[in-house]
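Residue 189 in the UniProt record's numbering sits at position 189 of the sequence shown, and the numbers go up by one each step.
Derived lysine to aspartate or glutamate pairs resembling EDC-like cross-links, with alpha carbons at most 16 Å apart:
1. K45 to D239
2. K131 to D73
3. K286 to D323
4. K131 to D177
5. K286 to D358
6. K127 to D73
7. K266 to D250
8. K131 to D323
9. K66 to D91
10. K45 to E199
Keep in mind the hints are simulated off the structure, nothing from the lab.
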Amino acid sequence: MVGGRESGAGASAGEVIIPLDWAEVAEEISRASSPPPVVFICGPKNSGKSTFSRYLLNVLLPRHGKVGYLDTDVGQPEFSSPGCLSLTLVDQTIPGIFLLLYFILYLMNPCNRATERCFFFGDVSSKSDPKAYLDCTFNLYDYFIRVHYQPNELNHPGKALPLIINTPGWVKGTGFDLLVEKLRYISPRQVVQIRISVESKNLPGSTFWLDNDQQEPHIFLLNSARHNYENQSILVRKDACRMRDQRLFDYFKQCFPSNLNILTNKELAHALAAIAPYVVPFAKIKVVHLHCQVPSSEIFHSLNATIVGLAVSSDVPAKSRSDTPWCVGLGIVRAIDAVRGLLYVITPVPFGTLQKVDLLLQGFIEIPTGLLQVRGCLSPYMSTNVLHKISEEHLCNFEETTAKEDNLRQDNFPFEIWDYRRGR
1 MVGGRESGAG ASAGEVIIPL DWAEVAEEIS RASSPPPVVF ICGPKNSGKS TFSRYLLNVL
61 LPRHGKVGYL DTDVGQPEFS SPGCLSLTLV DQTIPGIFLL LYFILYLMNP CNRATERCFF
121 FGDVSSKSDP KAYLDCTFNL YDYFIRVHYQ PNELNHPGKA LPLIINTPGW VKGTGFDLLV
181 EKLRYISPRQ VVQIRISVES KNLPGSTFWL DNDQQEPHIF LLNSARHNYE NQSILVRKDA
241 CRMRDQRLFD YFKQCFPSNL NILTNKELAH ALAAIAPYVV PFAKIKVVHL HCQVPSSEIF
301 HSLNATIVGL AVSSDVPAKS RSDTPWCVGL GIVRAIDAVR GLLYVITPVP FGTLQKVDLL
361 LQGFIEIPTG LLQVRGCLSP YMSTNVLHKI SEEHLCNFEE TTAKEDNLRQ DNFPFEIWDY
421 RRGR
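Throw the hints in and build the complete structure from the sequences for me.
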């Protein structure tokens, strides 16, 4: 709904109404067609940055057909999994963004989409490694400019696309410094700053990041969409941990065909406990710990029951600021067999892509508790050095369709590094 504002009597408690000034700014930005807009959205936590970015996305799509979305919020990303920085090309509108409280909609519809490019940062806050965080952000931006904003007929034909850059709500201390670095590097043409009624939590209203030689962008200052009768901002508190867990549930649900009709997280937990994992020899894989040091004797033990980023060591961005490769997806290390030197990994990454993976990136992203609580079957996330002792009959059985799918995949793919078979 556009053109109104909530009031105690006039709007239901679950309704978010897009104010006229939001709609006017989005319309003005959408008219900037040559070159297409590069829009940087910032503001304090829970002020409405993601809501506005989605609304702007819907406004831009009819005019451009496709919009780039650079997500730099590793804690609450829009289209990728927690712990990732990503670039997504969106070509379909996001439905119903202002009919429900945003955090409720987010939980009901996590909206995972295939990313154009992604880095696995491995944490839900940039404070663990600010330099690596900025390197990933700048590499994603450089890739977009090279491929989708300045295309050429020889290597990257096509028309230039607009870009929306969504940022985390950490705008004080180190968070402010990181924001300044991003603004200076990207030098956006339009900056949208969402402000709340508590002035001390807002960013400065000026071009606080500019160097003397940089061009001044068009700045739009918008108030948060939700206010009470005293015109004070209502900050919608999100259950960040629950939202991240739901994102991971949604991601790993892709391990199964849609006709299995897995409706609840409990059903998904049982399904993941029973699915045949990929078997990976220690000798064929390298492990990189992103935010801590692990003794060499414990490297593979430390992977047990963790979520890892999957990468190809040679797939490093052109003109990269670091040697961090693109991430092709996430996996759950369901168990390790240290005696036989094997890892057992669950992932929805297509097998053809998976065969190229030779690098596991470990950070601090944890398996949701709901996936660890599977009643009625042996724990699927086992301690080290025990998997070889467990007989096949003790493993959970899954749907007959899963077994058929296993056989199909074994028949159609050669096994090199990644071997697909029942853990035993």
